[in-house]
Structures are given as structure tokens and as C-alpha cells.
Amino acid sequence: MSGAMLKDALVTLKESGVRITPQRHAILEFLISSESHPTADEIYKALEKDFPNMSVATVYNNLRVFKNSGLVKELTYGDASSRFDFVTHDHYHIICDECGSIVDFHHPGLEEVERLASYVTGFKVNSHRLEVYGVCPACEAKSGHAATAY
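By UniProt numbering, the letter at position 123 of the sequence shown is numbered 123, and the numbering carries on one by one without gaps.
Certain hints may be false.
Said to hold, decoys possible - Label pairs and their calculated CB-CB ranges:
(1) R19 x G122: 40 to 46 Å
(2) E35 x S69: 20 to 26 Å
(3) N61 x E140: 34 to 40 Å
(4) E140 x S36: 37 to 43 Å
(5) P22 x K73: 40 to 46 Å
(6) V11 x S127: 20 to 26 Å
(7) P52 x G122: 53 to 59 Å
(8) I94 x V120: 23 to 29 Å
(9) T21 x T76: 36 to 42 Å
(10) H25 x V135: 16 to 22 Å
(11) T121 x F51: 43 to 49 Å
Treat the hints as calculated values from the structure; they're not laboratory data.
Glycine residues also receive a C-beta, built at the ideal position from the N, C-alpha and C atoms.
My request is simple: use the sequences and hints to build the entire structure.
And the structure:
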């Protein structure tokens with residue numbers, strides 16, 4: 001699955017006139033395989049052993065290129081560092097209040113929200129963003145409280 005996504009992403013970049021460097025390829029591959037929505041610093045730390053001459057600025061610059069090409073979304077949450085998400089499909093995020101981990105989830109009924117918002121307000125809706133906050137199972141287990149399922 002991720003091999004096809006990487007190939008498609010590389011084609012998208014080439015069609016945009018973006019040169020594919022080894023660092024760019026590695027950063028993109030890391031983002032596709034990562035489920036943790038990494039920060040630029042986390043990407044840098046994961047790849048620095050393979051690319052000792054790469055800087056954090058290189059990671060940021062490449063993330064900006066990916067973002068401008070529509071391959072990556074930048075997720076900003078308050079004062080914390082931006083996290084980056086490879087765009088696979090429309091999905092939402094649930095964020096742990098304790099450790100900051102972010103997990104994807106999809107709920108098809110939420111697309112209806114844009115249509116309803118447009119209908120009720122007359123706005124031409126471009127997008128929406130939904131975030132759900134709570135405590136992840138690992139942090140819940142550490143605190144000794146049982147999670148309540150709704």
C-alpha cells in the first residue's frame with residue numbers, strides 16, 4: 001500500500017517540477033509510513049543517521065514543498081510544534097490531552113456537515129476541521145483510571 005502511495009507522491013512532485021533528492025525521498029517515505037503525525041524535529045532525528053549532512057531546516061523546507069504540492073497537511077495545535085500528516089484521505093484526529101498523541105479516524109457522516117453549513121449560512125464551504133480530545137489508552141492505564149466508552 002505505502003509503496004504505491006510513495007510512487008504516486010513522487011509522480012505528483014515531478015509533475016510540479018520538484019527535483020527528487022535522496023533526502024526528499026526519505027522524508028516523504030518516513031511520512032507515509034509514520035502513523036504518529038511527526039514534528040519536523042522527529043523526522044530529522046529519525047533520518048539523521050542516514051543523512052548526517054541534513055539539517056532541521058532541510059526537513060522544514062521539504063515539508064513546505066510537500067505542503068504546497070498538496071501531499072502533506074500541517075497540523076497546528078496551540079503552542080505545540082506543528083505536526084505533519086501525509087494526505088491519504090479525508091479523516092479526523094483524536095488527540096490525547098496527556099501525551100499529545102494523535103490518532104486518525106474516519107466518519108463518513110461528517111461530510112454532511114459541510115453541505116448543511118453551506119445550506120444554512122449561504123457560505124461556499126471550502127473545508128472543515130474536526131478535532132476530538134481525550135486521554136489515550138496508554139495514558140489512561142498509567143493514571144489508573146478506567147476509560148469510559150460512550
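Results for each hint:
1. R19 x G122: 40 to 46 Å: Given range 40 to 46 Å: holds, Cβ gap about 44 Å.
2. E35 x S69: 20 to 26 Å: Since the Cβ atoms of E35 and S69 sit about 21 Å apart, the hinted range of 20 to 26 Å holds.
3. N61 x E140: 34 to 40 Å: holds, 38 Å
4. E140 x S36: 37 to 43 Å: With Cβ atoms ~18 Å apart, the hint is violated.
5. P22 x K73: 40 to 46 Å: The hint (40 to 46 Å, Cβ to Cβ) is violated, given that P22 and K73 are roughly 24 Å apart.
6. V11 x S127: 20 to 26 Å: Cβ of V11 to Cβ of S127: about 24 Å, so the range 20 to 26 Å holds.
7. P52 x G122: 53 to 59 Å: holds, 55 Å
8. I94 x V120: 23 to 29 Å: Given a distance of about 26 Å, which is inside 23 to 29 Å, the answer is holds.
9. T21 x T76: 36 to 42 Å: violated, 26 Å
10. H25 x V135: 16 to 22 Å: violated, 37 Å
11. T121 x F51: 43 to 49 Å: Holds, since T121 and F51 (Cβ atoms, about 48 Å apart) stay within the stated range.
The structure fails hints 4, 5, 9, 10 (numbered hints given earlier, in ascending order).
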